[in-house]
Amino acid sequence: MPDAINYWPLLGVAVVIGGFALRRNPVLVVVVAGIVSALAAGISVPDLLTLLGSTFIENRMLLLFLLTLPVIGLLEHFGLRERARSWIAGFRGLTLTRFQVAYLGLRQLLSMAGLTHVAGHPQTVRPLVAPMSEAAAERTLGGILTDEERAIVRASAAATDNVGLFFGEDVFMAFGAVLLIQGFYARNGIVLEPLAISLWALPTAIAAFVIHAIRVRLLQRRLERNRARANARGAADAAH
Amino acid sequence: MLRIEYLYWLVGAFLIATALLNLRDRRYSIAAFWLILSAPFVFGEAILGAHAQGRSWPAQMMGAGVIALGLLAARGRLQVKADGPGEQKLRDESAARLGNRLFGPALAIPALTLILFVGGKYLSSRGIHLLDVKSLTLTALGLASVLALVTAFYVTRAKPMQAVHEGRRLLDSLGWAVLLPMILATLGGVFAATGVGDAIAALTSAVIPTDNRIACLLAFAFGMVFFTVIMGNAFAAFPVMMAGIGLPLLILQHGANPAILGAIGMLTGYCGTLLTPMAANFNIVPAVLLELPDQYGVIRSQVPTALSLMVVNIVLMIVLVFR
Chain H
1 MPDAINYWPL LGVAVVIGGF ALRRNPVLVV VVAGIVSALA AGISVPDLLT
51 LLGSTFIENR MLLLFLLTLP VIGLLEHFGL RERARSWIAG FRGLTLTRFQ
101 VAYLGLRQLL SMAGLTHVAG HPQTVRPLVA PMSEAAAERT LGGILTDEER
151 AIVRASAAAT DNVGLFFGED VFMAFGAVLL IQGFYARNGI VLEPLAISLW
201 ALPTAIAAFV IHAIRVRLLQ RRLERNRARA NARGAADAAH
Chain C
1 MLRIEYLYWL VGAFLIATAL LNLRDRRYSI AAFWLILSAP FVFGEAILGA
51 HAQGRSWPAQ MMGAGVIALG LLAARGRLQV KADGPGEQKL RDESAARLGN
101 RLFGPALAIP ALTLILFVGG KYLSSRGIHL LDVKSLTLTA LGLASVLALV
151 TAFYVTRAKP MQAVHEGRRL LDSLGWAVLL PMILATLGGV FAATGVGDAI
201 AALTSAVIPT DNRIACLLAF AFGMVFFTVI MGNAFAAFPV MMAGIGLPLL
251 ILQHGANPAI LGAIGMLTGY CGTLLTPMAA NFNIVPAVLL ELPDQYGVIR
301 SQVPTALSLM VVNIVLMIVL VFR
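Chains as they are written, first to last, in the numbering used here: chain H, 1 to 240; chain C, 1 to 323.
FYI, nobody ran anything at the bench for these hints, they're computed from the structure.
By construction, the Cβ of each residue, glycine as well, lies at the ideal position given by its N, Cα and C atoms.
Take these hints with a grain of salt, some might be off.
[To be verified] Beta-carbon label-pair distances, calculated as ranges:
#	chain 1	residue 1	chain 2	residue 2	range
1	H	92	C	68	54 to 62 Å
2	H	202	C	5	31 to 39 Å
3	H	58	C	215	33 to 41 Å
For reference, chain H alone in the conformation it holds in the complex (with noise of 0.2 Å):
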C-alpha cells in the first residue's frame, strides 16, 4: 500500500539539511522544517500551533540543566578552572592518554549505574575534565599550548565524556534504551527480559572503550609529533 503513504512531509527532512549544509541558524533551520514538514502533511495553521507549543513543553526536562549554570558560573568566577588546571599539573607521570581514558572508563562505569546526569558537558566537562585536560596536555607536551592544541584537547574531552555516556548506558540496567527496545517488541507480541536485551550491548562497550582510547592516544602521539616539528621548523629558521 505505498499509495496510502504521504512523502511530502519529507521536504521538512530537505529542509533540515539544506539549511545546515548552508549554515543558516540551525534554530531557525528547526523551527522552518517543523512548519514545512507539517503543512506538507496537511496539518491546518491552529492545528500546528498546538503541536509546536505542546511538543516543545513536553520536552523542557531537556533545559533542566541550566539550573547548574549559576553555581558553575560563580566557582569559576573564585577560579575553580585554574584550581582545577593547577591541581592535575601537580601529578607526576600524568599523560594527556592516561587522564581521558581514565575518564572514558569511570563514566562508563558511572553510565551502566544509570547516572547518566552525574557528569556531563555544563557540570563535569566545561569546569573540571576541559581544564585538567588541558594541564595534562602541558605536562605531556611541555610549555603553555598553542590555542589550535587547546582546540583540540577540549574537544577530545568532550568526545570522551560523549563516547563513555553513550555506550556505557545500555549496558546491565534497564534504563530508556533498553525499556524502548522491550516495549517495542512487547507491543509486537515478543516478549524480552529487559536484561536479555542489555547484556548485548556489553560487547559495543567494550569495543567502545578500546577504540576510543586508542584515539586518544593516537591524538596524544599527533600532537607530540606536530610539537617535534615546529620546534624543527624553529630551529632551522633560527640557524638561517
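Start from chain H and add chain C according to the hints.
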C-alpha cells in the same frame, strides 16, 4: 513530594532574571528571547492541562512563541564576553587562596545527584515519595545543583546576587545554542506526527533486495545511522527502522535474534548521534561551552570513533543475530 515542576519554576525564575538583567543593559532581543523561553517553565503544566481539557489557545500561543524564538535566534550571534581588566588575575588569586576547597561544591553536584538518586529510589521502594520518581535522575540533578549552590556560597562567601550574575554570564554566552536540544526534540515530535518516519521506512524497504539477509541487515544498520543523523536521536530512529525493516524482514522473514538485533541496532544508531549537529546537547552545546573556534569541533573529534564503532557493530550483528 518534591515535584519536578518546582525545579522547572526555578529554571523559569533564572531565565526571567537573565532577561531582566539584559533588559537593563538595553539588549532587547536577547532579553525577549530569554523571556519567551521562560514560558514553558513557568506556565508549562497549566498550558498542557488546558490542552488536555480541550482549550488549545495557550498551546497555540506557545507555538507562536516557538516561531518567535526561531526568528530571534537568527538575529543573535554566539559570542563569549571577553574578560574585564584584571579578571584573570583575580581568578588566579582566589584560586590560590581557596585552593582545593573550590572542588567541594563542584564535586557536590555529581555526589549529591548520586546520593539523592540512590536515596530517592530506596525511599520510594519503601513507599516514601520524597522525589519525583518518574524523572528521578533529573530531579536529583536539579536539587543537587541548588544544594551545591548553597555550599558554594559558604566556600566563596559570595552574595546570592553574584550567582545570578555569573549564571547569566554563562547563559548569555550559550545563547541560542541552549535552545537547540529542546527545539530539536520538538521537531522529532512534529516529524513523528507528520509520518516522516513511515515515509522513510517505506522508501528504504522499496529499494533493498529483501531476500538477501545481509542486504537487509546493512539497510537496517545504515538506516539507523542515517535516520539518527537526521533526527539527532537514536530513540526516534529505532521504532521507525524496526517497523520498516527490522521486524518484518530481519526477525520474521530471516529469523534474526530480536534481543541482539535490538541492543546492537540501537547502539549503531548511537554512532549516528556522535556525527550529527542535530544532537545539539551533545555536539553543539559543548562546542560553545568550551569556547571552541569551530562549532563542529566536537563532532570532528568524534568521527573516527563513530565510524569504527559502526563497522564493529555491523560485524557483530552479522556474526551474532543469525545464529
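Do the hints match the structure? See the list:
Taking 54 to 62 Å as the suggested C-beta distance range, the pair residue 92 of chain H and residue 68 of chain C conforms, at roughly 55 Å. Checked against the hint of 31 to 39 Å, the C-beta distance between residue 202 of chain H and residue 5 of chain C comes to roughly 37 Å, which is consistent with it. Range check, residue 58 of chain H to residue 215 of chain C: about 38 Å between beta-carbon atoms, so the 33 to 41 Å window is met.
In the structure shown, no violation is registered for any of the earlier numbered hints.
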